[in-house]
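*Asks:* Sequence:
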Amino acid sequence: MRLQVSLLDMPELPMSIIMDYCDFPAILNLLKTCHSFRDYIKTHKPLPQITQIGFSNQRNQYICNVSRTEHVFVMIVFDIWHDYCLHPMGGMFKMYYYKMANGCEVVWERSVDLDTKEERKIFLENEDFIEAFSRDLKIILEIQKFPIKDFTFWGGPGLSGGFHKAMQSNIFQAHRISFRNSHQHEIMEYLQHFCPKTLEAIYINCHDDVINGVKKPWMTISEVTKSEQWKGAMRVGMTIPGPYLAPIEDFGHLEKGYVNYRRIGLEHVKVMKEAFLSSNSLTKSFCLMFYECPDQEEIKRFLDPTLQKDRYLYRRPHHPCQIVSIQFMDTNGGYKQFEFSVMDIKNITEPERRSLPPIEVDANRILRGLMEELEDDSGKLEEKKIETPPSTTENPSCLSSVNRFFSRLFYGKQ
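The numbers in full-length UniProt numbering rise by one with no breaks, and the one at position 101 of the sequence shown is 101.
It is possible that some hints are incorrect.
[Said to hold, decoys possible] Restraint ranges, calculated between C-beta atoms of paired labels, are given here: (1) 263 to 235: 44 to 50 Å; (2) 346 to 297: 29 to 35 Å; (3) 14 to 42: 39 to 45 Å; (4) 256 to 27: 21 to 27 Å; (5) 357 to 92: 22 to 28 Å; (6) 295 to 321: 27 to 33 Å.
Keep in mind the hints are simulated off the structure, nothing from the lab. The C-beta atom is built at its ideal place from N, Cα and C for all residues, glycine as well.
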């Protein structure tokens, strides 16, 4: 009679050798056996760190070539380039969950070489394909020790429920999340499960403007922009031709971003200009794209009364060596755009320097700041009554003096 030994009862050496030959699908199945074995795997054979993960239940040839209608597709990329023997083509796995008449079929697929794909299949009797997907996803996310670099949702009805069930009340860490062809309520269902402190970038891309011959309405993201995840993100992107509706004020805090509006006005440009002038960031950039602008001539007069150029330069009040650039571009794609960016004053020409508008500063604030710095440095500075200088707005000569001071400071001019 052959003696049957449980995997958990095996000595550590043969157990370790067996585990070395287990790839991702095998380990995923072993993780479902029992808690004791799951703890052993987490300790002795942890899965490599996931760098990217994405899923969809849409039929899209650019995502996956699926002929069956009801399915869930999952793409996972592991950081396992060093493990060439088990994963010669890198760490990308594709998983398909297909709805069947009396259960679901799960297919794992990975590339062995440039021309060969390895495929494994398993049939789960009386199992709902969304349930199978959410259970596997829950296990995959639970064993991650570090934030995932990129999380992508390709959208599709009913899929957010499976993700919500996998996450339950847990908060997941990721650096970047992308939503493709998703509605605002779906985005909110996903977004609530991500840690605002870890999240760095949010991208919302809606490419399918026309569905069954009917043009989609412009997407409202006003609820998304109120979320803590949005407020904490430093980069946001809205890819062309996705149209979005949200207050322009919700984009001012971003380090980098781009958004496409159907119509903008003078207020949009004013808000972004002020956000750039008041920011301390050296790498801040934003692209404001639009299709209609009834106030276009008024905007140009606001930016430059001479109306002789499409690039407008301004010195930052608190950092006169930093220049805010606002450039207007009329593209051939049916839309126009204002590009906001920051550059060093050394990177503009001498004629552009001379044409810079005066810096609007408050002399009172400057003197108060200097006094505070002196007090912090010495700690012994006696308080003296300083005569308050006249306001620069009331006395133009004072404003000229301040501008001459900055001119000598940064250009060496007398």
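*Asks:* At the C-beta level, are residue 346 and residue 297 separated by a distance inside 29 to 35 Å?
*Replies:* With Cβ atoms ~33 Å apart, the hint holds.
*Asks:* With 21 to 27 Å as the target window, see if residue 256 and residue 27 comply at their CB atoms.
*Replies:* violated, 38 Å
*Asks:* Range first: 39 to 45 Å. Now tell me if the beta carbons of residue 14 and residue 42 are that far apart.
*Replies:* violated, 19 Å
*Asks:* Taking 22 to 28 Å as the hint, is the beta-carbon distance of residue 357 and residue 92 inside that range?
*Replies:* violated, 53 Å
*Asks:* Are residue 295 and residue 321 spaced within 27 to 33 Å by their CB atoms?
*Replies:* Check passed, 32 Å falls within 27 to 33 Å.
*Asks:* Just tell me: holds or violated, for the beta carbon distance of residue 263 and residue 235 against 44 to 50 Å?
*Replies:* violated, 25 Å
Checked against the numbered hints above, the structure violates hints 1, 3, 4 and 5; every other hint is satisfied.
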